[in-house]
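For the protein sequence lines, the chains are A and B, in the order given. Under the working numbering, think of the first position of the first sequence as 1, with each following residue one higher. Under the working numbering, think of the first position of the second sequence as 1, with each following residue one higher.
I should point out that these hints are in silico values taken from the structure, not numbers from a laboratory. Bear in mind the structure is a predicted one, so any value in this text is a computation, not a measurement. Virtual Cβ for every residue (Gly too), placed ideally from N, Cα, C. Some hints could be false.
As the list claims (entries may be wrong) - A few chain A residues facing chain B, derived, Cβ under 8 Å: (1) Gly30; (2) His371; (3) Ala388; (4) Leu444; (5) Leu445; (6) Thr447; (7) Val449; (8) Ser450; (9) Leu510; (10) Pro512; (11) Leu539; (12) Asn577; (13) Ile611; (14) Pro622; (15) Met629; (16) Ala746.
What the hints assert, rightly or not - Cβ pair distances, simulated, as ranges: (17) Gly338/B to Arg376/A: 55 to 61 Å; (18) Gly736/A to Gly338/B: 52 to 58 Å; (19) Lys289/B to Thr476/A: 18 to 24 Å; (20) Asp335/A to Lys289/B: 51 to 57 Å; (21) Gly245/B to Asp628/A: 33 to 39 Å; (22) Lys319/B to Val430/A: 30 to 36 Å; (23) Glu565/A to Lys319/B: 52 to 58 Å; (24) Glu214/A to Gly290/B: 31 to 37 Å; (25) His633/A to Gln172/B: 20 to 26 Å; (26) Lys100/B to Pro724/A: 38 to 44 Å; (27) Ala206/A to Gln172/B: 50 to 56 Å.
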Amino acid sequence: MRVPIRWLGEYVALDGRDATEVAARLNVTGTELDRLVHHGVETPEKIVVGRVLTCEPHPDADRLRVTTVDIGAEEPSQIVCGAPNVAAGQTVGVATVGAVMPGGMKIKKAKLRGQASVGMICSARELGIGEEHDGILALETVLPGAADVAPGTPLTDVLAHADDVLDLEITPNRPDCLGLYGIAREVAAATGASLRPAPWTAAGAAEQGSTAEEGEDAAAVDPRGEAIDGFSLEVTTTRCPRFTLRLFQDVVVGPSPLWIQARLSAAGQRPINNVVDITNYVMLVTGQPLHAFDADRVAGGSLTIREAVDGEQLETLDGTTRTLKAGELVIDDADGPTSLAAVMGGARSEVHEGTTRVLLEVASWDGPTIHRTAHRLDLFSEAASRNAKGLAPEQVDWAQALASRLLRETVGATRVGGTLSAGTWNSAVVQPPLAVRESRVERLLGTAVSRPRQTELLDALGFGVTDAEPDAPAGTGTLQVVVPAERRADVTREVDLIEEIARLGVVADLEPTLPTRRRAAAARLTPAQRARRRVEDVLVGRGLQEVVGWSFTDAGAAGRLELPEGDPRAAAVVLDNPLSEDQAVLRPSMLVSLLDIARHNRTRGVDDLRIFETGTVFRDAPDPVRADMPYEHLAVAALVQDDVFAAKGLLEALLGALRIDDWALHATDEVQFLHPGRAARITVGAGDDAPTIGLLGEVHPRVADRWDLPRVATFLIDLDRLLPLVPDARTFRPVGAFPDARFDLAVLVADDVTAAKVVAVARKAGGALLEDVRVFDSYRGKGVPEGQVSLALHVRLRAADRTLTDEEIGGAREQIVAALAEQVGGVLRG
Amino acid sequence: MQERIAELRAAGEAAVAAATTTDELEELRVAHLGRKAELPNLLRDVSKLEPAERGIVGKAANQARQALQAAIDARVAELKASELDAQLIADRVDITLPGKAEPVGGLHLLTRVRRDIEDIFLGLGFDIVEGPETETVHYNFDALNHAENHPARDRADTFYLAPSPHLDGDVQRLLRTHTSPMQVRHMERAEPPVAIVVPGRVYRPDSDATHTPQFHQVEGLWIDTDTTLADLKGVLLSFARAIFGPDREIRLRPHFFPFTEPSVEIDVSCHLCGGTGTLKDRSRCPLCKGTGWIEILGSGMVDPNVLAAVGRPEFDPEKVQGFAFGMGIERIAMLRYGLSDLRPLYENDVRLLEQYA
Ligand SMILES: [Zn+2]
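With the hints as constraints, model all of the structure from the sequences given.
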């Protein structure tokens, strides 16, 4: 909302407060300043009134004229001017040397085709007060008595042409602030400045040196009644609470007076013609949109507001044919649809140059209905976005009253008949007042606000306040508050009034306090949250860089991972309105974003990547906890530019740090995106049905190649499954005061006997004395028969209560050797 | 005999003195004191002497042997010291050569900031909970008191999920646009008093230098019988000082959010210019644009309609009340680390990430 500060000053006595000061107060009371802009000439003091003394054709340029202009200096200034309408005797606005024009152009001494020029004679547009740019602005055409103004007088003294403009962000709950008078009320409440009477009242008209005639005081019922000869009105929907029409004749369509154009320009509205300008002007003051029909193009003089039939069509005044949906609102005349109600007028009944009779519509609408239509058609005009808020029916009267006065005063129009009115709104229904408990104010805000102070604050905002028991002791009384029409949608409860009290009277200097935690449990991370941090820290400690990838990917990602259709991992969650095809679905596996990030880094020359990520992955299948929602879970995944044992080493470190001991790998060649000979499922727990919590492996060379990567290895873990398995308590076993005994064994076994199996056999055979057994080398080649592998085992024995004897050690060794021979065909080497 | 002992002793001592290596000394020890050497054999043969001589010769030979042994030991020690000195000199390296490479990992900046924020709120008495990233219109908007025509519901502001043949239920699904749905989800299962923060990833269809279609928020919620707006200010002042420095002040600027009433935006005094709006060189502060204040988050007292949407008597808005807030982790990161563009955070060039790790 653009608020020209001088225009604002017509409704509230700013008493010298400038735009910055007003903005600062609004900013801390709930109306945020987007930016402060200057409209029009940047240096208004450099624009003076000039009188054109002579005007001759330029000797060397057909379109230029050489003028001498009296600007109050000792000597007239020579100014070269390109405007066709410049003439001797005109009174004009002159930008003198040093002036900075809108857009930043600076006026300098210049030579134009050999003729000196020391200034510029301005057009209306150059002054930022209108659209006219075909010629210079001759002041006598817009300013009575211009010929008598002394040359050299600052132009601002006689014509308002440059202004500071507050560009305010109006929150969606405050449509009342989409009108200047609403802003003026906020300014008054926020600064203590006095609010002038509303311009749509008799008092407001008088304030502006005018007189409200019949129907021009919104505080009174239109004395001309509710009929207009030759016109009729019907509303057949409940989505239009109030629709009114007034008729004006003797209209001559032409440009608006300059002061209206100047204000509209400053407020960001392009002046069009006097009738349309008044509808915009009144909307900017009242916040209430209006629409002007050419009364003679309303077929049959009848208007019907109804809900559209699905699929019906209408040509709006931008020349586009719109197809409507059921429930959207249209206005019919005798020939059918003539307007897309509250959103955009129709082409057929638009005001045009020859219009002499205007039918002025002011109506209030069901906000959500209008919002939906405007949104669907992407037609958020100033009018449509205001109507989409669902304005108060009373505002209709304000707009009719002010527009009637302006049409009479500035267009010379004559009103005919009364005010046609229809709709479901019943003005006799009065909302009951809201109660505000003084105790409640203090309980919510944490500071006491006396009832007199509350009354003062609410009163400034236009609320009607009564203290039911003025003698009630502090902290106990209750105020009865009547909500003004323009706030009715926003303020419906006690708490809404407490907000008004808070924003104007409390938040600025509220003393901070700290709440007390009343739970007999310290605030701390949950075990799963601690474990997640541990996961991240372990990987960082192993030299991995954490990355944060996109949750989005493209629909082809599963295919690039070679997942067949029907694989549960290939069922991606699809966005209905993605930003792009590249971000059309949610990632089904963390591997996608890791591969993307790896490629991005490789192409930028980063080698030896070691990265990991924790985050959410999604699948188009019922979530185990929320059956009607997609399955999502937290995952951790690592990717290293190395072989599978590098990734396995990380996995061992990770699970070891989490104190998870009973995990196992199960080789698999069934994961399409992993190397079939270098991949495994990871399980935790004993038994064949131990749950799979993730995958380990080298990325399939074909998949890696698709991402332009060399050999990379990865593990992918479902943290939602893993973290609950992390033991929260741990029993410690004594390390033992007695020395251990160690020996190594090298056994030959067949190729298909896994290291895990050999270790398991040795562990079992070692019995109670066995503390640890692990494979430290695996060898094929010279000295090892074809089809066999030599595994080197390191065995450690220990007893808690004694030093082991040679016999005990030898016995254990023999048991292990025998078990290996018997169970896996192991032959001792060397 | 005694002369011979004296000769052997003198010869031995001379040889020991002349020796230049510990190896040479070992040879000398064998030659002079070993089993086949003359001096020990003399001593062994003492018994064959006249009894009168035995004592004198034995004593002399013994003294000679001990003296020789002492001389060797002393000389060995001496040589060992100088040999070590020589070794140390030979071992000298160019210490400016690189060390053995160890990969250095790091947390992503967003994780670091997230943990900072979590830790601060843990210290202020909040628990940490997390929630789902796919949501229903009910939890994301309806239960949070968003009017039917609230613009946040528009398809331009919310990612909706395409209908799925695999899912039951006639619900409109979306990617949560904020972490606020956890307010109601948590109150549905917890008992008051409630004090939680909810970190997590959220989504909106925006894409420019300061907006990415995914970003991260931390939601806060504190509900009790008597939690006030002043408490909100105290909590957020503590937070702002922990993140931006002990001299920071905050101000509450009234605003509108559907799910809080009253609603306030929180500004923190600018840590770059100290809240003056002007830098030391008298130029306008670029961070706060000369205002001295930086907006960091939105907050307010939980709207009674939100409490009512929980649908449990324990959260009757006449009985309990409290505050809620929501902040962007990226925004905090940008302010604290001077980022002007968010996009590199999701490009994940590790050379950039390492600098923030
Ligand atoms: Zn600053």
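These are the hints, each one checked on the structure:
At about 4 Å, the closest approach between the beta carbon of glycine 30/A and any beta carbon in chain B falls short of 8 Å, and the interface hint on this residue holds. A least Cβ separation of about 4 Å between histidine 371/A and chain B falls short of the 8 Å threshold, and the interface hint therefore holds. Hint status for alanine 388/A relative to chain B: holds, with the closest Cβ pair at about 6 Å, below 8 Å. Taken as an interface hint, leucine 444/A checks out: its beta carbon lies about 6 Å from the nearest beta carbon of chain B, inside 8 Å.
Checking leucine 445/A against chain B by beta carbon gives a least distance of about 5 Å; that is within 8 Å, so the hint holds. For threonine 447/A, the interface hint holds, the least distance from its beta-carbon to any beta-carbon of chain B being 6 Å, beneath 8 Å. Taking 8 Å as the C-beta contact cut-off toward chain B, the hint placing valine 449/A at the interface is violated, the least distance being around 12 Å. Checking serine 450/A against chain B by beta carbon gives a least distance of about 17 Å; that is not within 8 Å, so the hint is violated.
Because the beta carbon of leucine 510/A sits about 5 Å from the nearest beta carbon in chain B, less than 8 Å, this interface hint is met. Taken as an interface hint, proline 512/A checks out: its beta carbon lies about 4 Å from the nearest beta carbon of chain B, inside 8 Å. Here the hint on leucine 539/A is kept, as its CB sits about 7 Å from the closest CB of chain B, short of 8 Å. For asparagine 577/A, the interface hint holds, since its Cβ comes within 8 Å of a Cβ in chain B; the closest pair sits about 5 Å apart.
Proximity of isoleucine 611/A to chain B holds as hinted, the smallest CB-CB distance being about 7 Å (cut-off 8 Å). Contact between proline 622/A and chain B, as hinted, is supported at the beta carbon level, the nearest pair being about 6 Å apart and thus within 8 Å. About 6 Å separates the beta-carbon of methionine 629/A from the nearest beta-carbon of chain B, less than 8 Å, and the hint is met. Evaluation of the alanine 746/A hint against chain B yields a violated restraint, the C-beta minimum of about 30 Å exceeding 8 Å.
Restraint check, glycine 338/B to arginine 376/A: a C-beta distance of roughly 42 Å breaks the suggested window 55 to 61 Å. Range check, glycine 736/A to glycine 338/B: Cβ separation about 55 Å, and the 52 to 58 Å hint holds. For the pair lysine 289/B and threonine 476/A, the beta carbons lie near 46 Å from each other, so the given range of 18 to 24 Å is not met. In this structure, aspartate 335/A and lysine 289/B meet the distance hint of 51 to 57 Å, their C-beta atoms being roughly 55 Å apart.
One distance hint, 33 to 39 Å for the beta-carbon pair glycine 245/B and aspartate 628/A, is violated here, with the actual separation near 47 Å. A beta carbon spacing of about 31 Å between lysine 319/B and valine 430/A agrees with the range 30 to 36 Å that was offered as a hint. For glutamate 565/A paired with lysine 319/B, a C-beta distance near 54 Å keeps the hint of 52 to 58 Å intact. Evaluation of the 31 to 37 Å hint for glutamate 214/A and glycine 290/B yields a failure: the beta carbon distance comes to about 52 Å.
Distance hint check for histidine 633/A and glutamine 172/B: the Cβ-Cβ separation is about 23 Å, which falls inside the suggested range of 20 to 26 Å. A C-beta distance of roughly 39 Å is found between lysine 100/B and proline 724/A, which places it inside the suggested range of 38 to 44 Å. Range check, alanine 206/A to glutamine 172/B: about 54 Å between beta-carbon atoms, so the 50 to 56 Å window is met.
Taken one by one, the earlier hints fail for this structure at numbers 7, 8, 16, 17, 19, 21 and 24, listed in ascending order.
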